[in-house]
Amino acid sequence: MASITIRNLDDDLKAQLRMEAARHGHSMEEEVRVILRHRFSGKPVGGLGSRIRERFSVAGGEELALPERRDAPRAPDLGE
10 MASITIRNLD DDLKAQLRME AARHGHSMEE EVRVILRHRF SGKPVGGLGS RIRERFSVAG
70 GEELALPERR DAPRAPDLGE
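In the numbering used here, each residue's number is its place in the sequence shown (first place is 1) plus 9.
Accuracy of the hints is not assured; some may be wrong.
Stated by the list, open to error - Here are the computed lysine to any residue pairs in the SDA-like style, where the Cα-Cα straight-line distance is at most 20 Å: (1) 23 x 50; (2) 23 x 10; (3) 23 x 45; (4) 23 x 35; (5) 23 x 13.
Said to hold, decoys possible - Cβ-Cβ distance ranges computed for the label pairs, FRET-style: (6) 27 x 67: 22 to 30 Å; (7) 74 x 18: 42 to 50 Å; (8) 12 x 70: 39 to 47 Å; (9) 17 x 88: 56 to 64 Å; (10) 63 x 86: 37 to 45 Å.
Bear in mind the hints are in silico, worked out from the structure with no lab data behind them.
Even glycine gets a Cβ: it sits at the ideal position worked out from N, Cα and C.
Between the sequences and the hints, there should be enough to build the whole structure, so can you do that?
Encoded structure:
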């Protein structure tokens, strides 16, 4: 296995990486490996909406015309 050293990493970026690693239960090194693996796997990384769009994009789509908003938005009636 190869090694890589990253110099001059911004302190804020390092802190974000540390937080993400902790959130996923990984070391910082493992978090970087996961990020790189996802980036170069050819699979898109995104949220649920991105994955749904990708799955159904082969079926084509229909552009819908949005109606013009005439009235100002109203606050919801919470029954109080």
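Hint check results:
no.: 1; hint: 23 x 50; verdict: violated, 23 Å
no.: 2; hint: 23 x 10; verdict: violated, 23 Å
no.: 3; hint: 23 x 45; verdict: holds, 15 Å
no.: 4; hint: 23 x 35; verdict: holds, 14 Å
no.: 5; hint: 23 x 13; verdict: holds, 16 Å
no.: 6; hint: 27 x 67: 22 to 30 Å; verdict: violated, 39 Å
no.: 7; hint: 74 x 18: 42 to 50 Å; verdict: holds, 48 Å
no.: 8; hint: 12 x 70: 39 to 47 Å; verdict: holds, 45 Å
no.: 9; hint: 17 x 88: 56 to 64 Å; verdict: holds, 58 Å
no.: 10; hint: 63 x 86: 37 to 45 Å; verdict: holds, 38 Å
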